[in-house]
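Student: Given the sequences, and given the hints that come with them, work out the whole structure.
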Amino acid sequence: MKKKRDRLQVIHDILKAIAAKNGTIRPTHILYKSNLSHQMMEEYLGELIGNGFVVEIKKEDRRTYALTEKGFKYLSQYKYISEFMDSFGLAEEVKPI
Amino acid sequence: MNIHICPTWFRGIDIFLELIFVIITAVLSYQAYKLNKLCKAQECSSLSWGFGLLSASYAIQLIMNALAHTQSATILTLQIILGLYVATHLVGLLLLAMAYTHLKKQSYFILIFSIISVGLVITSTLTHFYLVSAIIFGFLATHTIQSYRKNTRTKTLIVSIAFMLLTAGSILLSVTDGITYTIAHVLVLSAYILLLRTLVWVKRYEKKA
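Those protein sequence lines, which keep their order, are chains V and F. Each residue of the first sequence is one higher than the last, beginning at 14 in the numbering used here. Each residue of the second sequence is one higher than the last, beginning at 402 in the numbering used here.
Hints are computed from structural coordinates only; laboratory data are not their basis. Keep in mind that this is a model prediction, so the values were computed, not measured. One thing to keep in mind: the hints can contain errors.
[Claimed, not checked] Simulated restraints, written as ranges between beta carbons of each label pair:
1. PHE85(V) to GLN472(F): 55 to 61 Å
2. LEU468(F) to ILE62(V): 49 to 55 Å
3. GLU69(V) to ALA467(F): 54 to 60 Å
4. GLY63(V) to THR502(F): 21 to 27 Å
5. GLY65(V) to SER518(F): 32 to 38 Å
6. ASN64(V) to ILE481(F): 36 to 42 Å
7. GLY65(V) to ALA474(F): 46 to 52 Å
8. GLY65(V) to GLN472(F): 33 to 39 Å
9. PHE85(V) to ALA474(F): 52 to 58 Å
10. ILE511(F) to PHE85(V): 33 to 39 Å
11. LYS71(V) to ILE481(F): 56 to 62 Å
[To be verified] Now the stretches of chain V that chain F is said to cover, found in silico as 3 or more residues with beta-carbon under 8 Å:
12. 49 to 56
13. 82 to 93
We treat Cβ as the ideally placed atom computed from N, Cα and C, and that holds for glycine.
Tutor: What follows is the structure, encoded as structure tokens:
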């Protein structure tokens, strides 16, 4: 059975996908790498932009997303964040698509 | 509401232990606040406010007991401080429950708080307050046990044991007796030491900037 990911891991997967593409990525790549439905991905991206982890860049008809310093910091501290949440029993699971 | 019957030999020691509770819960609150700045998770924010208010409630309890032991305050003053202690403790516990249920709607929080508050005001006994606290701590213990069954981490088990100790401590405090008051303080101290130990273990994973 596929293991459920928690919310923080989904965020980590999205940020990691952006970082892997030199810090800028197109939404289709995020969709492919994060293994989320389109609606869920849009919700997560909205949250990530709102929290300042990611910025949206619009060039002509193309939409790309770039990591901010806060986003890079999240990635570097992810092990600590996930360890804290798991140890204190706070991790929130996300239903797979 | 009546204030506890503290054994003579335990006077001063209880205040010292409460000071430790203030410090540990403040440390837990600060760490959750720092984590919230990193990951912007609602759970961390609720955890930070929850432990912060518990810290404030223990500080109020400390002042209240110091005034009661030295008999340097009127009954009315003590009753007001006691009311403040009950309110901060209850809100703190409900915020912790919010963190564990991933509850984001404040309306639910207000509803639950109102129901409990009305119940406590009507009965006006500390026994009911401590039993409500025991129920909430028991809920947190159950939730963390479920998390442990999913991830089987020793640290999660330790956190759930800490919440069980806090549940037992609250149950004992509901019995207004000198011995149970003493045992409850020891149980609560053990619980917070376990939570602090878990935090120290987790902090090893933090990368220095």
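Student: Hint by hint, say whether it matches the structure.
Tutor: Verification of the hints:
no.: 1; hint: PHE85(V) to GLN472(F): 55 to 61 Å; verdict: 59 Å, holds
no.: 2; hint: LEU468(F) to ILE62(V): 49 to 55 Å; verdict: 51 Å, holds
no.: 3; hint: GLU69(V) to ALA467(F): 54 to 60 Å; verdict: 56 Å, holds
no.: 4; hint: GLY63(V) to THR502(F): 21 to 27 Å; verdict: 23 Å, holds
no.: 5; hint: GLY65(V) to SER518(F): 32 to 38 Å; verdict: 37 Å, holds
no.: 6; hint: ASN64(V) to ILE481(F): 36 to 42 Å; verdict: 41 Å, holds
no.: 7; hint: GLY65(V) to ALA474(F): 46 to 52 Å; verdict: 48 Å, holds
no.: 8; hint: GLY65(V) to GLN472(F): 33 to 39 Å; verdict: 54 Å, violated
no.: 9; hint: PHE85(V) to ALA474(F): 52 to 58 Å; verdict: 54 Å, holds
no.: 10; hint: ILE511(F) to PHE85(V): 33 to 39 Å; verdict: 38 Å, holds
no.: 11; hint: LYS71(V) to ILE481(F): 56 to 62 Å; verdict: 58 Å, holds
no.: 12; hint: 49 to 56; verdict: violated (count 0)
no.: 13; hint: 82 to 93; verdict: holds (count 6)
In terms of the numbered hints stated before, the structure departs from hints 8, 12, listed from lowest to highest.
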